[in-house]
Amino acid sequence: MSINLNGVGYIHPNGMRALKDINLSIAADEQVAIIGSSGAGKTTLLKLLATSLLASSGDIQLLQHNPAQLRASTLRRLRSRIGLIHQSPPLPPRQRVVTAVLAGRLGQWTLGRACLSLCYPSDIEGARAELSQLDLADKLFARCDQLSGGQQQRIGIARVLYQQPDLMLADEPVSAMDPVLAEHTLSVLGSIARERGVPLIASLHAVELALRHFPRVIGLRAGEVLFDKAADAVSQQDLDALYVNIGLSDTAQQPAAAIANSLPNRCL
Amino acid sequence: MSVISSRARWQDPAATPRALLTLALLILLWPGLQLTEFRPQILFNAQNREVMGRFLAGFWPPETSADFLLLLGRATLETLAMATAGLVLALLLAIPLSLIATRALSISKLLSGTPSWAGRFLRYPVRLVLVVLRSIPEIVWALLFVRAVGLGPTAGVLAIAITYSGMLGKVYAEIYESVDPQPTRALLQSGSSRLAAFLYGVLPNAAQELTSYTLYRWECAVRASVIMGFVGAGGLGQMIDLSIRMFAGGEVVSILLTFLLLVLVADQISLQLRRRLA
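The listed protein sequences derive, respectively, from chains A and B. The opening position of the first sequence corresponds to residue 1 in UniProt numbering, with each subsequent residue numbered one higher. The opening position of the second sequence corresponds to residue 1 in UniProt numbering, with each subsequent residue numbered one higher.
The shape of chain A in the complex, shown without the other chains (with noise of 0.2 Å):
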């Protein structure tokens, strides 16, 4: 198993619980999507497995190393062999596009080979090759501030693909793109996935999507998985309880209230 969670819990430092009880294991070759209302802990999930947040309780194992046991520079090592589509490609403006793919592999290379690469890009080849596969290899020397959302977004996913990380984790990888384009994206995503032996694991919106591209989903709300199973055998009634808008006028207007009795002394 590449991936074990053992009743992993997560509570942010304000004394909220995003996570709680999730017991997990995803093999090498699965592609797995999490679904779920805003909210339900999707994003937290995939930093918990991204090791940028160490779980509250519980016991994490990914690709077999407790993150919560490593040393500084163990981490350090593990955390190159891990890939995090952002939601928001996380790319500088003025950067260039093959600049910004190459960074993928930072957490590999040495400082010297990364400053030389400022300087004059080092593996040109190797960043096209994996644009091309999101038909961009033409915006290989475009700035990043030139491109549409759905293309940065396509730009941070090909930085991943570059990192070749052992595992793939993608948070919202096509919010930003126009149906037919996630569609595409998705499927090419997934075949990488399945061609490097590599687990997949995607949060999503858009629930026909996880259906279709996705032979596993995993359903979460408030916290908690409420069901995980193939995608064919995820029913009307599953999803009608996972997004059933309880508690959705009181919970949510509570910390709004609580923000503004607190502002007056805050904002100067």
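In case anyone wonders, no lab produced these hints; they're calculated from the structure. Computed from a prediction, not measured in an experiment: that's the story for all the values here. All C-beta atoms, glycine included, are put in the ideal place defined by N, C-alpha and C. The reader is advised that the hints may include incorrect statements.
Beta-carbon label-pair distances, calculated as ranges [stated by the list, open to error]:
1) A:113 to B:16: 54 to 60 Å
2) A:113 to B:15: 51 to 57 Å
3) B:25 to A:110: 34 to 40 Å
4) A:146 to B:174: 28 to 34 Å
5) B:269 to A:111: 29 to 35 Å
6) A:111 to B:77: 33 to 39 Å
Given chain A, work out where chain B should sit, using these hints.
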């Protein structure tokens, strides 16, 4: 809701503190004016006007003899060299210090939101070093170094290097913190080292501001090197000092015009570089 209805006249809850703060600043300004004996009307007093007039009348026409221009050229080059060498030395110290002092490269802060204790304990003393470096004015350092290494530009170079490393280090560290942390966070997230994350995540966003601030500081260093010339550190300053003592107003104006030209050139270079990096 009750917060708003109780203050029907002031809808914006931040209005009262803002008004109070403005009032407090104005009240604080008054003793400042008293303390500095700021009385601008003295400037227009008939006697003072005449004294100043006579002083300024000696300033025209500018001195343009070949001998003087040759001297002026040499002194200008000396001043430029002093400012540039001082700034480069300052950069050598400021860049590493700014990288340690900035919170923008804290892995713990970027990933989980709270900086680690070890990082804070390391950053604080470095910030203190930067404060010490810049709190002593360069003219004091120059006086010290003139005694140590003798009259000449070396003292000026050392004085600029020390003071400016403190200023550059502090402002650089703050510029790194002001750019979008998202790219750096993503790079650290995928296992890159801090320095590599800085080069690929912070630098592309900060380059323009860093260049502009560095060039502005270079301009300041040119001015500072002139002032340090008065205490014997060579360059245009020493020349202006001599000319004033000899009541050679024409020479003073020529030197000031050179000076104006230098600042204009620095401004143009800054503008061009900013345009290129935009």
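Comparing the hints with the structure gives:
no. : hint                       : verdict
1   : A:113 to B:16: 54 to 60 Å  : 57 Å, holds
2   : A:113 to B:15: 51 to 57 Å  : 55 Å, holds
3   : B:25 to A:110: 34 to 40 Å  : 52 Å, violated
4   : A:146 to B:174: 28 to 34 Å : 29 Å, holds
5   : B:269 to A:111: 29 to 35 Å : 30 Å, holds
6   : A:111 to B:77: 33 to 39 Å  : 38 Å, holds
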